[in-house]
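Peer 1: Chains as they are written, first to last, in our numbering: chain A, 171 to 797; chain B, 27 to 133; chain C, 36 to 208.
The reader is advised that the hints may include incorrect statements.
[Unchecked claim] Derived lysine to any residue pairs resembling SDA-like cross-links, with alpha carbons at most 25 angstroms apart:
no.	chain 1	residue 1	chain 2	residue 2
1	A	K762	A	E715
2	C	K192	A	A399
3	C	K193	A	A499
For the record, the hints were derived by calculation from the structure and aren't laboratory data.
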Amino acid sequence: MALIQITEPGQALDPHQRKRAAGIDLGTTNSLIASVREGKAQTLDDDLGQTLLPSVVHYAHDGIKVGATAMSSATIDPMNTIASAKRLMGRGLADLTQTESAGQYAFVEGTQGMVQLQTAVGPVSPVQVSSEILKSLALRGEASLGGRLDGVVITVPAYFDDAQRQATRDAAALAGLNVLRLLNEPTAAAVAYGLDSGDEGLTVIFDLGGGTFDVSLLRLSRGVFEVLATGGNASLGGDDFDQRMANLIRSMCPGEVSFDASLSRQLLAVARQCKENLTTETSTSFELVHQNQTLSGLITREAFEAAIDDLVSDTIKAAQRVLRDAQIASHEVAQIVMVGGATRVPLVRAKVEDFFGQAPLSEIDPDRVVALGAALQADVLIGNKPDEDMLLLDVLPLSLGLETMGGLVEKLIARNTPIPVQRAQEFTTFKDGQSAMLIHVLQGEREQVVDCRSLARFELRGIPAMVAGAAKIRVVFQVDADGLLSVTASELGTGVTAAIEVKPSYGLSDEEVTQMLKSSFAHAQEDAEARMLLEARLDAERLIEALSAALAQDGDALLSPIQREELNHGLEVLAKVASGADVGAIKAETEKLSQASDPFAAMRMDQEVRRALAGQALDEVLPTEST
Amino acid sequence: MGISLTAAAAQHVHNYLDGRGKGLGIRLLVKTTGCSGLMYVIEPVDQPDTEDMHFDSQGVKVFIDPKSLIYVDGTEMDYVKQGLNEGFEFRNPNVKGECGCGESFTV
Amino acid sequence: MNFNQNFFEIFQLTPSFDLNLDVLGERYQTLQRRVHPDRFVGQGAQAERLATQWATQINEAYRTLSDGLSRAIYLLSMDSIELEENPTLSGAFLMEQIDLREDLEAAELSGEASVVLKFMNRLKNHMAEAEICFQKAHTDGAFEEALQVVYRMQFLKKLMLSARAAEDKLLGY
Numbered sequence: 171m172a173l174i175q176i177t178e179p180g181q182a183l184d185p186h187q188r189k190r191a192a193g194i195d196l197g198t199t200n201s202l203i204a205s206v207r208e209g210k211a212q213t214l215d216d217d218l219g220q221t222l223l224p225s226v227v228h229y230a231h232d233g234i235k236v237g238a239t240a241m242s243s244a245t246i247d248p249m250n251t252i253a254s255a256k257r258l259m260g261r262g263l264a265d266l267t268q269t270e271s272a273g274q275y276a277f278v279e280g281t282q283g284m285v286q287l288q289t290a291v292g293p294v295s296p297v298q299v300s301s302e303i304l305k306s307l308a309l310r311g312e313a314s315l316g317g318r319l320d321g322v323v324i325t326v327p328a329y330f331d332d333a334q335r336q337a338t339r340d341a342a343a344l345a346g347l348n349v350l351r352l353l354n355e356p357t358a359a360a361v362a363y364g365l366d367s368g369d370e371g372l373t374v375i376f377d378l379g380g381g382t383f384d385v386s387l388l389r390l391s392r393g394v395f396e397v398l399a400t401g402g403n404a405s406l407g408g409d410d411f412d413q414r415m416a417n418l419i420r421s422m423c424p425g426e427v428s429f430d431a432s433l434s435r436q437l438l439a440v441a442r443q444c445k446e447n448l449t450t451e452t453s454t455s456f457e458l459v460h461q462n463q464t465l466s467g468l469i470t471r472e473a474f475e476a477a478i479d480d481l482v483s484d485t486i487k488a489a490q491r492v493l494r495d496a497q498i499a500s501h502e503v504a505q506i507v508m509v510g511g512a513t514r515v516p517l518v519r520a521k522v523e524d525f526f527g528q529a530p531l532s533e534i535d536p537d538r539v540v541a542l543g544a545a546l547q548a549d550v551l552i553g554n555k556p557d558e559d560m561l562l563l564d565v566l567p568l569s570l571g572l573e574t575m576g577g578l579v580e581k582l583i584a585r586n587t588p589i590p591v592q593r594a595q596e597f598t599t600f601k602d603g604q605s606a607m608l609i610h611v612l613q614g615e616r617e618q619v620v621d622c623r624s625l626a627r628f629e630l631r632g633i634p635a636m637v638a639g640a641a642k643i644r645v646v647f648q649v650d651a652d653g654l655l656s657v658t659a660s661e662l663g664t665g666v667t668a669a670i671e672v673k674p675s676y677g678l679s680d681e682e683v684t685q686m687l688k689s690s691f692a693h694a695q696e697d698a699e700a701r702m703l704l705e706a707r708l709d710a711e712r713l714i715e716a717l718s719a720a721l722a723q724d725g726d727a728l729l730s731p732i733q734r735e736e737l738n739h740g741l742e743v744l745a746k747v748a749s750g751a752d753v754g755a756i757k758a759e760t761e762k763l764s765q766a767s768d769p770f771a772a773m774r775m776d777q778e779v780r781r782a783l784a785g786q787a788l789d790e791v792l793p794t795e796s797t
Numbered sequence: 027m028g029i030s031l032t033a034a035a036a037q038h039v040h041n042y043l044d045g046r047g048k049g050l051g052i053r054l055l056v057k058t059t060g061c062s063g064l065m066y067v068i069e070p071v072d073q074p075d076t077e078d079m080h081f082d083s084q085g086v087k088v089f090i091d092p093k094s095l096i097y098v099d100g101t102e103m104d105y106v107k108q109g110l111n112e113g114f115e116f117r118n119p120n121v122k123g124e125c126g127c128g129e130s131f132t133v
Numbered sequence: 036m037n038f039n040q041n042f043f044e045i046f047q048l049t050p051s052f053d054l055n056l057d058v059l060g061e062r063y064q065t066l067q068r069r070v071h072p073d074r075f076v077g078q079g080a081q082a083e084r085l086a087t088q089w090a091t092q093i094n095e096a097y098r099t100l101s102d103g104l105s106r107a108i109y110l111l112s113m114d115s116i117e118l119e120e121n122p123t124l125s126g127a128f129l130m131e132q133i134d135l136r137e138d139l140e141a142a143e144l145s146g147e148a149s150v151v152l153k154f155m156n157r158l159k160n161h162m163a164e165a166e167i168c169f170q171k172a173h174t175d176g177a178f179e180e181a182l183q184v185v186y187r188m189q190f191l192k193k194l195m196l197s198a199r200a201a202e203d204k205l206l207g208y
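Please model the complete structure; the sequences and the hints are all you need to start from.
Peer 2: Okay, here's the thing in structure tokens:
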């Protein structure tokens, strides 16, 4: 006999109609699964009563182990024990930082441009590693819910770009899971609080995890969760607090102590413990054992807070920034929700309270709140709550654009635009007779291609031969409700079309993602200058190319030798100036040559009109020597 | 006769009602449906119906309409864990058959 | 619903610049509740694709109508009036441009974020003024005048973005 749960009056579904749905928080350090039972979202424990599954996978000839059992292999078989695979999702070998590449794993280039790790059973990709974690959680879910899962919602950091989202979806597909939706972690946390309390108004989700920091602003009204703005820092988290604590402890040890690999590991573990102790205590002692010598000392909360003050201030600054993006004042915020273990640090809570003028909420365990929210949405999406009118309206976290001339990015969709969204833009050919166009899709906030993340490149071929600027190429970006992008390009005159599902080609590290965002603000000035120079050069080059072609065609027929010599001279001067970096000079010379060539352009136009009136084909009247 | 609860079942109902913040007890319903004819439904009760019968067991009030009672008279409700799964189990002397999946039953 | 509706029709609003943004926001949510792809999970690829198309269209309509400048441009486009790339502008407007740019430069040079903020508030007032002008011109059917106001609004918006960037810089973002 199946086991029966209590249901609210009228909510009971017929057998087989109630579907098994779960929410999965696929974390960098730990992962967990939750589901709605008896009307409440609950995390599902394993058979040892553990909720958190360490996001660690061990690969060996005798099988694959996941979680705590895999973690115990870390010290004896580090090369085959993969931790923190989430950091590698959707990234290529070239994206790894030096520390990462020099770390314990043997990285190899994967087939799709994504990095792979060499293990005892061959190369595995981060997608495969993540899928093992998902499989393990799914098994737990099936055992808890008494059957196969009908669908899951998997959470991702709001900051995840397209490649990272795609990789997460791929991992779920590999694990045989039906993904109902990818849900942003802060949104999930808001759902966990919002649905429970029925509170309305502006809600800030302050999510400080082990390695990342997300801050999001949502508007809650009548069951609608509308994300207004999102921001943060993809390389700031509790791990940085540990590092600062470690530095603090180290500075208290005698100078002659050499911190080898073993002592450094011990130091980090002790530092983490001290950090946790200082959550409730005002001071804590530490002890390090090194070569029969015991190093000990006392750390006060005050000293620790001084050591992490700038990091915490950075999180407040990011929160400020998000409020500014949405044009909201801090006192307008109705509630602040804390997510992630690092929000337990008292200084974080104090600074958040100080900035917003109210105490943040933390009734729900910050480690579980994301999975609980995902479970609630999964329950709604699968159809277990036909009357629930909860709706999540999310936004695009990072701007999407295309490479245009001169290595610049033309943004098609700005960040914080509500999804799903579609935007189209028309481009044209740059050269006469150009038959193909490279479409390079990018994500990020900076203005230059090199500073943004490349998502995909593809070619639109078969454009009919036309003069430069005559072909109309329409590029359409569609972002779906999961935040996933697809791009199509077509030539409007002929209907030649090329489409692509954007798959990761190569990418950037989390640090670089953050850097991309940060620098787009910090170096706005520098960017603008670089952009101006590139644009000026492009204008100059366009003029040189067009005028040279025109002279070759009609110069002899329409101009006197003196006139022609003048324009040739102008071309030489402009070419020389354009290779320099003086924006003003390039603009001035471009303008000068443009004016100088105006009469010639007018003559050509007159000639065109005459030819057209004469009804003659162009080819027949062209002097053969100048074609 | 009537409906009775084991101590474990009673404890779970208490926990549930506490968590919900309101409710006089639970209602046991027998709905006609499913592959084998009938299914159990358990709901919290805020307002009993006039024709409801009710039983007290282990400090829990169990409400049931007279029509449903015919199918479940003498049933003991237990709360059990089967591996990671948990929920109410019905020991119903009237049951003659169950569907393969065990989600519905016949009397 | 059909895709040929104009953005006002989508929200069942009378085409007008003077829009109740609260009503617009409510109707936006009401519509999204009905068409959002979340409502069609598991109902087949076709249903989900159509839902995505609709949710996309509603997002676009909402985005266009909720912002004053884009709403003004959209209203003019409904009367087949398109913006020119290099419009002829009045001398007074050009003078205003120069003055405001100089004021922004001065605010930036002051090194005080609060001075930039003050300037931004001034811009906001100018924008509110411009919106009233547009509203009047558009209601009177004075499209040429309305178009001129749109150019002014465009300029103010661009300047506002520059001012925000300047404030960001001074605040150290």
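Peer 1: Each hint should be assessed against the structure and marked as holding or not.
Peer 2: Each hint, compared with the structure:
1. A:K762 x A:E715: holds, 16 angstroms
2. C:K192 x A:A399: holds, 20 angstroms
3. C:K193 x A:A499: Roughly 23 angstroms separates the two Cα atoms, so the pair holds.
The structure agrees with every numbered hint stated previously.
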